[in-house]
Every structure is written in C-alpha cells, then in structure tokens.
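From first to last, the protein sequence lines stand for chains H and W.
To convert a position in the first sequence, counted from 1, into this note's numbering, add 87.
To convert a position in the second sequence, counted from 1, into this note's numbering, add 2.
Hints are computed from structural coordinates only; laboratory data are not their basis.
None of the values given here were measured: they were computed from a predicted structure.
You may find that some hints are simply not true.
[As the list claims (entries may be wrong)] Calculated from the model, a selection of chain H residues having no Cβ within reach of chain W, i.e. all distances over 12 Å:
no., residue
1, 145
2, 148
3, 192
[What the hints assert, rightly or not] Heads up, simulated DSSO-like pairs for lysine-lysine below, C-alpha to C-alpha not over 27 Å straight-line:
no., chain 1, residue 1, chain 2, residue 2
4, H, 149, W, 96
5, W, 28, W, 64
6, H, 164, W, 96
7, W, 82, H, 149
8, W, 6, H, 143
9, W, 49, H, 149
10, W, 49, H, 202
11, H, 166, W, 109
12, W, 105, H, 164
13, H, 143, W, 105
14, W, 41, W, 25
15, H, 119, W, 98
16, W, 41, H, 166
17, W, 98, W, 6
18, W, 28, H, 166
19, H, 166, W, 155
20, H, 166, W, 6
21, W, 28, W, 61
All residues carry an ideal CB built from backbone N, CA and C; glycine is no exception.
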Amino acid sequence: MKFIHIFLIVINILNFNLLKADEIKSENEIAKNLRCLICQGQSVHDSDSEFAISLKLVINEKIQQGMSEEEIYSFLKMKYGEWILYDPVFNRNTYFLWLLPILIFLAGGAIIIKKFYYKK
Amino acid sequence: MKSKFIPLIFILIFIITFVIFYKGLKNPNIYTPSTNLEKEVPPFELKSFENDSIIISEKIFKNNDYYLMNIWASWCIPCKVEHEFLMKLKNNEKIKLIGLNYKDNFKNASSFLNDLGNPYDLIVSDRDGTASIEWGAYGVPESFLIYQSKIIKRFIGPINNEDLLEIQKLIR
C-alpha cells in the first residue's frame, strides 16, 4: 500500500515537471523569434536588457493566460510593429526577399537543363 | 553562346548586389516607432506609488481632459533633463501628469522627487516593466499625450523645449 502511495506521488511530480518544462520551452522559443528592440542584432531570448527582461515576463504571463504562440506574436506586432518579429511577413516590401531564393533555384535549374540539352 | 552567357550573369549578380547594398545600407537599423498614432489607452491595473492601493486605468483617464503619461525612473539620467519641462507643465491646469515609475525602488524614486520637485498628479509604479510593454514603450523616458482615452501623440526620449511648446499648442 505504501509503495503504491509513493509511486503515485513520484508519477505526479514527474508529470508536473513535464508541464513546467513545456512552458519554459515555448517561452524560450517565442523569445528567440523576437528582436530585442534596443540591442542591435540580438534576440529577446539572448538579451539581458531591461526591455528584454520585462518582455520575457510578459510572454510568460500571456502563456499563463492561455494565449497561443501566434496570438502572442500578433499582440506584440500590434504594440511594436512588424520589426519585432524575426520572421518577415510576406508583403510588398519583402517580395524580393522571399522570391529571390526561388528565382535563383529556377535559374540554376535552367542552366543545368540547357547544358544537358546542348550536349545532346 | 557560353562566352555571352557568363558575363551576363556576372553583370546581373553585380547589379543585384549593388541594389541590395544600396538600399540596405541606407536604412537605419534602429527601431523607430511611429509617434502619431491614434490608439486606445491600454487598460492597466497597477499599484500606486505611495501606497499599495490598486489603480485602474479607466478611473484615471476621464474623457475631456488632457493627460500626459510619463514613464520615468530615478536611475535614468535623461529623466532628470526632462524634469524641468515637466515642472513647467505642472502649472498648466488643462493637463494632468501621470507618472509611471519604471523598475525603480521607492527610496530612490522619492528622493528623486524630493530633490527635483514632484510634477505628477498621480504616480503608479511598474515594478517589473510589464505595464510599459502594454503601452508599447521600450525604454525610459517616454511620454504619451492622451485625450479622450486615446493616445494622440507619443514622445520618445526626454521631453525638450520644442516638445513642451507642442504640447502647450495641442492642449490650448
């Protein structure tokens, strides 16, 4: 009987650990995708500035409130603009950025095909 | 065919690189928020600076008054610079100054106010900086001019004489 008791307690503690780890992981993941606005070239996750520390607290708070990752991004986008997100949104200003790799890929393909075609 | 193709690619790569650098290097890489946004005041529930009573934003910003929400801290040097202008604004009856004490401790902040004077009608304290995030602020000092529960103008950095004149013009 005692054994079962202890067993149950251990299982419970382990489960709570998992829950906590999950939260920390998603908080870090979100913070990594955010640009620290006052420190150049650093993410919020990497930075220890006052702004970043507060922002991490806010992210934590929002996770506790049950907001999803996407909701937190859009909340911060509303407050600080698109600049805070590392992942640039597809719009008129970023067409070039997103399409350039595809264009280069196609051009490379064209060169290869052309070479084979001319060899034959 | 080959001899024509290769120089063409080189020229193309050169042009693309040139355009990217020409455009990219010109852009300032610093975050510059827009200062002229008509946004609703973000609701908050914060502790008062003097005691631990809780202050709700809806009760502060009544409709037909102008408010200047000023984020400050005693450890922030530019806040000392802007302080004299806030003191000048204090004499204006049309505007109320709300201070948001950012990541500060009570002792330092109150000696700051004792030394330089207290321009604020009300001070709320933001110990962990989370309320400032709700306001879209990213540093101290920062000020928001509020009218009818809307932010009509935002001042980033210390308020100077020009800003003071602008505020006085807007609230006339």
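Against the structure, test the hints numbered earlier, and report the numbers of the ones violated in rising order. 1, 2, 4, 5, 6, 7, 8, 10, 11, 14, 15, 17, 20 and 21
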